[in-house]
Amino acid sequence: MTNIEQQTILSRRICDLPLKIEGTHLEELIGQLYLELEKAGISLKPGTYLSDGWGCPNLIPVIGIPFHLADQNLTNLKESLTGIEAEDDSEIMMILRHEAGHAFNYAYRIYQEPECQEIFGNFSLPYNEEYKVHPFSNRFVRHVAGWYVQKHPDDDFAETFAVWLTPDSNWQNVYAGTPAMAKLIYIEKIVGKFGKLPPIVTSGSLDMPLIEMTMALGSWFKEHKEGKGKSIILPDIINEDLKRLFPVAEGQLAIDVLRNNRRQLIRDVHYWTGIDRDVLVALVDNILERIQVLEVKIAPNTAKTVIASISVFITTLVMNYVYQGRFIND
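Residues 1 to 330 (the numbering used here) make up the sequence shown, in order.
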């Protein structure tokens with residue numbers, strides 16, 4: 001895409017872009033989801049539509065899919081302008097299974113079942129974007145990144161459903177002897193009860209369908225830039241820690257290696273800690289700025305070791321923030 005072509009498409013309203021699911025690779029992945037549901041004994045095939053992000057409208061069994069995934073050029077443009085990597089096919093399927101869990105729940109109003117509330121909790125609780133995670137808790141299944149399963153009972157249900165649905169997940173053995181097993185067994189039981197029945201809920205208002213997205217594409221990308229609005233300033237004492245991580249006087253500049261591995265570093269720390277991604281991005285970028293100013297170096301053939309060390313360092317800061325509200329204590 002030339003610069004002129006890029007500027008032209010960025011100036012267009014999203015609703016005016018010729019986007020659709022039909023005939024795209026997305027349609028193939030949705031078809032795979034439907035096949036998995038059918039094989040699992042579920043007749044429900046949730047409808048899908050293009051939206052501003054992933055999600056099911058509140059209590060409506062329909063799946064919203066990010067509009068940019070319907071066009072590879074848009075996906076590439078989004079990555080370059082926002083710094084956020086698009087999901088690959090494996091990740092898309094993981095999210096589709098998650099959203100199918102919401103859809104199944106809503107289609108049969110399972111959230112109203114007393115046993116469901118006893119096992120997963122009160123679905124009417126408000127959503128808390130700043131939820132505190134408990135990494136590696138055996139009360140929950142492990143599926144999408146960031147321990148998202150712990151955010152709300154609704155997401156706990158959807159994530160448990162997704163693990164149950166995933167081919168070859170081997171959940172019977174993986175979760176044997178854990179509290180999460182009771183949730184998986186409940187999913188299997190409730191699917192046996194409702195799976196072949198026609199849905200109770202079939203329609204409702206959609207959240208931000210493509211036709212309502214009147215913002216210019218370029219403006220939307222600016223609003224969704226990774227780490228936007230977050231600013232983190234660490235105390236200068238952190239510079240001494242960074243010097244200890246990079247003690248050699250000769251070698252390749254550390255910033256060159258770490259910038260090339262920035263995305264994977266962010267992805268890995270987010271996956272295991274569950275910290276808000278924008279906060280993590282701001283933290284990593286602050287550390288990289290310091291490393292650049294300090295001009296610290298990496299000895300030859302030690303890049304992998306150094307990346308592992310900086311990952312541990314950042315993870316330690318993050319867990320301090322998660323449990324004490326700050327990266328470095330006074």
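Hint data in this document are derived by calculation from the structure and do not stem from the laboratory.
You may find that some hints are simply not true.
[Claimed, not checked] Each computed EDC-like pair below joins lysine to aspartate or glutamate, with the alpha-carbon atoms no more than 20 Å apart:
hint	residue 1	residue 2
1	Lys193	Glu295
2	Lys189	Asp278
3	Lys225	Asp71
4	Lys20	Asp71
5	Lys45	Glu27
6	Lys243	Glu188
7	Lys132	Asp256
8	Lys222	Glu85
9	Lys151	Glu118
10	Lys45	Glu22
11	Lys39	Glu188
12	Lys45	Glu188
13	Lys189	Glu36
14	Lys222	Asp276
15	Lys243	Glu223
16	Lys132	Glu295
17	Lys132	Glu38
18	Lys243	Glu289
19	Lys189	Asp168
[Stated by the list, open to error] Pair by pair, the computed Cβ-Cβ distance ranges are:
hint	residue 1	residue 2	range
20	Asn261	Lys222	24 to 34 Å
21	Arg13	Ser80	42 to 52 Å
22	Pro179	Phe313	41 to 51 Å
C-beta atoms are modelled at their ideal positions from N, C-alpha and C, and glycine is treated no differently.
Evaluated hints:
1. Distance hint between Lys193 and Glu295 is unfulfilled; the C-alpha atoms sit about 63 Å from each other, more than 20 Å.
2. Our distance criterion of 20 Å between C-alpha atoms is broken by Lys189 and Asp278, whose separation comes to about 38 Å.
3. With a C-alpha separation of about 19 Å, the suggested pair Lys225 and Asp71 falls inside the 20 Å cut-off, and the hint holds.
4. This hinted pair checks out: Lys20 and Asp71 have alpha carbons roughly 9 Å apart, not beyond 20 Å.
5. This hinted pair checks out: Lys45 and Glu27 have alpha carbons roughly 13 Å apart, not beyond 20 Å.
6. Between the alpha carbons of Lys243 and Glu188 the distance comes to roughly 53 Å, so the proposed pair goes past 20 Å and is violated.
7. Simply put, Lys132 and Asp256 have alpha-carbon atoms about 34 Å apart, too far for the 20 Å limit, and the pair is violated.
8. Proposed proximity of Lys222 and Glu85 is supported: the alpha carbons are some 15 Å apart, at most 20 Å.
9. For the hint linking Lys151 to Glu118, the alpha-carbon distance of about 17 Å falls within 20 Å, and the restraint holds.
10. This hinted pair checks out: Lys45 and Glu22 have alpha carbons roughly 16 Å apart, not beyond 20 Å.
11. Note on Lys39 and Glu188: the hinted pairing holds, with a Cα-Cα distance of about 13 Å set against a maximum of 20 Å.
12. Among the hinted pairs, Lys45 with Glu188 is consistent with the structure: their alpha-carbon atoms are about 18 Å apart, no more than 20 Å.
13. With a CA separation close to 17 Å, the supplied pair Lys189 and Glu36 stays within the 20 Å bound.
14. Restraint check for Lys222 and Asp276: the C-alpha separation of about 19 Å stays at or below 20 Å, so the hint holds.
15. For the hint pairing Lys243 with Glu223, the CA-to-CA distance comes to about 35 Å; that exceeds 20 Å, so the pair is violated.
16. With a CA separation close to 36 Å, the supplied pair Lys132 and Glu295 exceeds the 20 Å bound.
17. Proposed proximity of Lys132 and Glu38 is contradicted: the alpha carbons are some 36 Å apart, above 20 Å.
18. A distance of roughly 14 Å separates the Cα atoms of Lys243 and Glu289; the hinted pair therefore holds under the 20 Å criterion.
19. For the hint pairing Lys189 with Asp168, the CA-to-CA distance comes to about 19 Å; that is within 20 Å, so the pair holds.
20. For the pair Asn261 and Lys222, the beta carbons lie near 26 Å from each other, so the given range of 24 to 34 Å is met.
21. For the pair Arg13 and Ser80, the beta carbons lie near 20 Å from each other, so the given range of 42 to 52 Å is not met.
22. The given range of 41 to 51 Å is broken by Pro179 and Phe313, whose C-beta atoms sit roughly 33 Å from each other.
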